[in-house]
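K.L.:
Order-wise, the sequence lines are chains A and B. Mapping to the working numbering: the first sequence position 147 is 147, numbers consecutive. Mapping to the working numbering: the second sequence position 57 is 57, numbers consecutive.
Do not take every clue at face value.
List of simulated lysine-lysine pairs, PhoX-like, C-alpha gap at most 25 Å [what the hints assert, rightly or not]:
hint, chain 1, residue 1, chain 2, residue 2
1, B, Lys-207, B, Lys-68
2, A, Lys-276, A, Lys-296
3, B, Lys-80, B, Lys-60
4, A, Lys-156, A, Lys-208
5, B, Lys-296, A, Lys-7
6, B, Lys-305, A, Lys-7
7, A, Lys-32, A, Lys-7
8, A, Lys-7, B, Lys-60
9, A, Lys-53, A, Lys-7
To be clear, the hints were calculated from the coordinates, so they are not data collected in a lab.
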Amino acid sequence: MEKSFPKWVRNYPLIVFVLVLLLLIEGCGGKKEVEQLGFIMGIGIDSGKDPGKYKVTCQLALPKSGGGNGTETEDWTITSEVSTISGVIENISQVLNKSSFAGTARIIVLGEGLARSDINEALDHFQRYYDFRRTIYLVLARGEAKDILETQLRTKQLPALDILGTIQGQPTFSSFPVTRLGHYLTILGRANQNPVIPVVQKTKHGEKEIEYADEKGEELLVEGAGVFENGKLVDCLCDEETKGFMWLDNTVKNRFINAETEGLILSAWVRKTSTKFKIETNADGKEGITFQIKTKASIDEIKGQQKSMNLEEWKAYTKSLEPVVAQAIEKECRAAVDKSKAIHADFIGIGRKVEQKDPKFWNQVKPDWLNQLADFPVSYDIQVTLEHTGLPLNSPVSPQKSGQE
Amino acid sequence: MERLSTHQFLVLSAAVLLGTTYLSVGSLIGEAGRDGWMIIFPAFIWAVPFGLMILSLMAKYPGKDLIKISERVVGKGLSKGIGIIYIILVTYYGSLLAGLEVDIFNRTVLPLMPRFVFLLGGGFLTFYLFYSGIEVLGRFAEVVFPIVTVGLILMIIFIIPRFEEGELFPILANGIQPVLSSSGKIVHFSAEYILFLAGLLPFLPNKASDIKNLKQKLYIAVSIVIILNTLIVLIQILTFGPFETTRMSFGLLALGKMIEISRTLSGVESIFNLFWLGGSTIKVASYFFAVMWAMKSVFGFKSRKWSFLLGFISYIIIQYVARGLEISTELGFVGRYFLVPFTVLWVLMIWGVDKWKNRSQNG
């Protein structure tokens, strides 16, 4: 042993132990009960009235004390014009008799006006301050973020939690991309790739082909995506372009896709899909990219098929529908690529894909990539396997009509 | 005289070499970019030849640390000078490492906790380990190091869902030069361990069979650290991309905050931080031991008051010399420009002169 402990330590170990425990009392100081906290669930950021200022909307869930149900909360939303995002926390502390807690924030809503100027500076606080996680979701508001977070939903739910639920349900439907703060920052760090953020907007009865009884009630709809260049919103993708982007970005998990051919409309349920790519030289000697999409789907709905078929005929018929679904996928992909070329923004990351597979070629085209992108050959190799067509074979028509009597 | 078992040597070596390097190594990949995971191997592997040189001297000079061996090989005057430089460097560097741990907690889970509370707690633990002896530090490492390792492995597993696609490719697109260049910036991590090993020699078993065993354990310890650190850099690149990995001061802490298990379990970063604190304590305590051994070898200081003086000097350095980002830059500067040249020159000189003397005597 190097040195033994002093005699008093050896003789009175209990006293020493108690003295050490005293150090831990610090942990009890300043403790806060859950009722004393206000949990920030969502933060909306808009451009302020004054230049260089933000209008920050904080949506807090306040736990109700003494309620029958321990999980009951009430909505407490406040908007404040501040020079820095963190300034809103100070403002909240001056009007709320609870301590705000930012660690629960799950959604950042970015106002359209702010997005057209610069969102990167507004996001600085969230990637710097330790309470926030890089897993926090980003959404772009159609209009003001404040309006989105102040939406009076028919369910009376907090708008931030409603958006969170919609986003978290996405793997089942893959109808819009999911962008977390960390993912946005990673894409930002890539040369010549543009990040995308899904768009959230208010809808009312009768809008967007949605109707409901409470005509004054509002809903939040997430559809499409905004494309960003150096923190500025360049353009927005429509629903088809967004879905095409997701095929090419390999972020489709499951989804429904409609396909049409010769008076026939069918709905395929994509159960499994993967997108790969290869860089190859085409017949003109130009390097191009080929997206290889392999999809397994089932047919969920058929409209316009009235002919009655036996098992063998149905099998052949199902096989004949596979190219129809493949064409529908290709149509969405083309829409995304065309948009990318039109707006000179590589949100699909074609340049990054070229860099992965052919770094020498990438180094040649990198300096002028966005101009090169417009003429860059893109092709598709889409293989769809229809695994089944649901429970029955033929559509529900009478035997007289189908001639099968 | 206390003696570590060869297993304790293995665990203590791995724990000291690993230290808290996994916290900052991601931000140091620099120009290596997406090949940053390759910088670990060349930076850490040189601990093996230098460790072997030191262990080979042990057989000839049993019970002596490298300062005492230097006295026998190059004379008293030069060895005293080496010893004094050793004491200054290791005291300063070890204190900065302790300061780094305080900084990590201040930046993350405990931003309002006064620094002196960390220092009081850490200081108490370090003094406890020192007065209990190197064997207890070895046993402490045997308990804590597996926990740190399991923590790192759990983090690697849980962060897989956050991987970004294709961040690792293309491999070596810019050649090997950027990898070697970035690797050169973290070679001091190995020097940190070599300096500790220099003082540890008298506490190692020194039979011929033991020395052979120790050499094997050295290989294993270095391999464990290389594998762990490579994986840590790899998952950071896969999760953040190379640009973001470099931009973050402590990428591993951000990774901890990104862990979510089935949307129900999150906020586990505080638990991970406790693991990292354990790893840091071993490193800081090992430096405390190293300086005290060196003071004994150079000046013959043995009494308890010198340990208190060392504690006081460390406290002053942590509190007043460097804070925040300064600590990281200072650690890099001292490590690269002082620790590495000193270690390389010292070990090579002693090993080389000893070999030369042997040959002269035999020839």
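K.L.:
Look at each hint and say if it fits the structure.
P.N.:
Cross-check of the supplied hints:
no., hint, in the structure
1, Lys-207(B) to Lys-68(B), "holds (19 Å)"
2, Lys-276(A) to Lys-296(A), "holds (15 Å)"
3, Lys-80(B) to Lys-60(B), "holds (21 Å)"
4, Lys-156(A) to Lys-208(A), "holds (21 Å)"
5, Lys-296(B) to Lys-7(A), "holds (23 Å)"
6, Lys-305(B) to Lys-7(A), "holds (15 Å)"
7, Lys-32(A) to Lys-7(A), "violated (41 Å)"
8, Lys-7(A) to Lys-60(B), "violated (39 Å)"
9, Lys-53(A) to Lys-7(A), "violated (64 Å)"
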